[in-house]
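Here are the chains, one letter per residue:
Number of protein chains: 2
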Amino acid sequence: MTDQQLTVGQAGEDAVLAAVREVIDPFNAQRPGLALGPGDDAAALTLGSGQAVITTDTMSEGQDFRRQWWLDPESLGAAEFEPAEEWPQDVGTKAAAQNLSDINAMGAVPTALVVSLTLPPQTTVAWVANFYRGVLRACEAPGAGRCVVAGGDFGAGEAISVTITALGEPAAGGQLLRRDRAEPGDVLAVCGQLGRAAAGLALLERPGEASVSSDELRHWQDHAAIIRECLQAQQQPQPPLNAGPAALAAGASAGLDLSDGLLRDAGRLAAASRVQIRCDDAALAAEAQPLKPVAGILGLGPAAGSEWVLSGGEDYSLLATFPADAPLPDGFRALGTVEPVPADGQPGVLVAAEPSGTGWDSLRQIL
Amino acid sequence: MTDQQLTVGQAGEDAVLAAVREVIDPFNAQRPGLALGPGDDAAALTLGSGQAVITTDTMSEGQDFRRQWWLDPESLGAAEFEPAEEWPQDVGTKAAAQNLSDINAMGAVPTALVVSLTLPPQTTVAWVANFYRGVLRACEAPGAGRCVVAGGDFGAGEAISVTITALGEPAAGGQLLRRDRAEPGDVLAVCGQLGRAAAGLALLERPGEASVSSDELRHWQDHAAIIRECLQAQQQPQPPLNAGPAALAAGASAGLDLSDGLLRDAGRLAAASRVQIRCDDAALAAEAQPLKPVAGILGLGPAAGSEWVLSGGEDYSLLATFPADAPLPDGFRALGTVEPVPADGQPGVLVAAEPSGTGWDSLRQIL
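Protein sequence lines correspond, in order, to chains U and D.
Just so we're aligned, residue 121 is where the first sequence starts under the numbering used here, counting upward by one.
Just so we're aligned, residue 121 is where the second sequence starts under the numbering used here, counting upward by one.
Read the hints as simulated data drawn from the structure, not as lab findings.
Glycine included, C-beta positions come from ideal geometry on N, C-alpha and C.
Every clue listed holds true.
Covered stretches of chain D, as calculated for chain U (at least 3 residues, CB under 8 Å): (1) 168-180; (2) 239-247.
Far from chain D, by Cβ distances over 10 Å, these chain U residues were calculated: (3) Ala-291; (4) Leu-418; (5) Ala-454; (6) Thr-457; (7) Gly-465.
Partial selection, computed: residues in chain D whose CB lies under 10 Å from chain U: (8) Gln-124; (9) Arg-151; (10) Asp-184; (11) Arg-253.
Chain U extracted, bound-state conformation (with noise of 0.2 Å):
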């Protein structure tokens, strides 16, 4: 039980929900209306004669993003990235688009979003247009084609704030793509990037000078299509929505989004279906090969590809385990196999080589 008197930044995401369970499991037990319950990517409710999967996210300014990134994309040459007034869509599409995945997540298709938004009184009102226009763009993306924006509500705040709700709508029968379902020999695969919304974040919050000298411009340039995939990623993330539904129809055993890292991911995933998955070493460097010249440009060494790659968080992948014999939908890349627990063992991800980080943790981050 979770000691009620630690702060949450003390006890950590997983911690605090465990101890809202212990609150609201057994009121919901006494209700018919709940088919699955906190836990998993999104909740599924009983909704008439059929189910419904809802999931909600908030993004906090600073915390979340920024109005501003440091980065200025006028020093890049501006043919090559993004101008400043497509900042406020890139919050709107982040914020769907990472809603859009926990739907996806739960092998479900996105039916609509609502948006609540707050605002400081000084934003403009083409801020907020622009933002719903990220929205949209992020229903745009293969596998949201049915999914409406419903509108929401306005409120004011010195920060701004997004909270989305999505909906969606289960494959036919119902069935769901959990997280605890994986069997002893099963397949781990991916489908989506790994590791690039981390290196995104890395670039656009570097130290240093805004513009750059004339030789990094270079080197910037030399690697333009890997650095435009890494700030893509981090800010216009674009989750593989067709992801879930196949991977469901493929016969997956058990599923989640990347969205705290591969590492921890992995391990919600381990220990919800309580075996122990191994990663393919092979697999993960080839993986972080990419990110290399991104690490370079940063200064760091070749293992910061590697920590991208593990550790990373918002990524929006869909990570799924599948038979042995199951064919991998298109675009899945096996990562790692399914082990049962060994008599003295836990739950948990195996790796060569543990690196410094462990994943993004929303309520203990920012200590």
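Given chain U, put chain D in place with the hints provided.
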């Protein structure tokens, strides 16, 4: 069209919503999932074979609530007023109640809440658990017996912020209590209190010493019942959650909930329905009468009671219009009549004496 370079504080909530609708309405028009778009208390979605109504609302610390009110209950006799340990529960109850009220205002029955909490890391786990106890308390009210609490998300921020999204099930046949269907000849009626929440806020924020003199204490205790009613209205609102479905069943033509004050919200109903609403001054005076002792305690004149009734926000009562020959359901009191807009007039609300305020605009009022 709203000037895009205005700040949201200058433009106000209704103009910001109009600017957002210019962006999202054309998008939603291409997709079949939105049965009723933004602009009412909740949106209606087509989900599988049925419909759901959905609404979302954020409460921010400092703006919508305080973790500790200036009023010290200890100084007023602990037996009479609420002890401080219950404040986190109140935040949960109020955040849930205002969303449940929006579902009620559509004539629908609430089925699920999801919660997103932004927390400073020094918040205790106990605060979070008590907050959730308050959410559950709101779901134990009559009319909310089917509502589950599907959990949600935690994030970090500098101040506590709470976003709740509520889902509801429309009445059989998908009928909704919209705000744009009032007809000349209808009776305007309310179910639930008027002005109590605003009077409670005035009590909680009254200037002066935290402790009161023995003379003052006697005066407070003489009027303990109405004081407690006002404090509860502000801190633990109890919207009449059966009133929306009851109004629909009784043939109500239109309705909304009173979150921003009677004049402002009745004005929204009048504008949406393109009618004028003439208030019955004697009925309003009767609503204000019990608030006179509260005005007296605060050193305000008798007009303060009328002002709270006309312009006080956060009552979460249900305002509805009924055909003149429909008997009002239990708990509804007639407040006025609906009239056509004269040839030289505009939609709006007619009262005998214009008060100084016209309600609470959550974007404009903090300037």
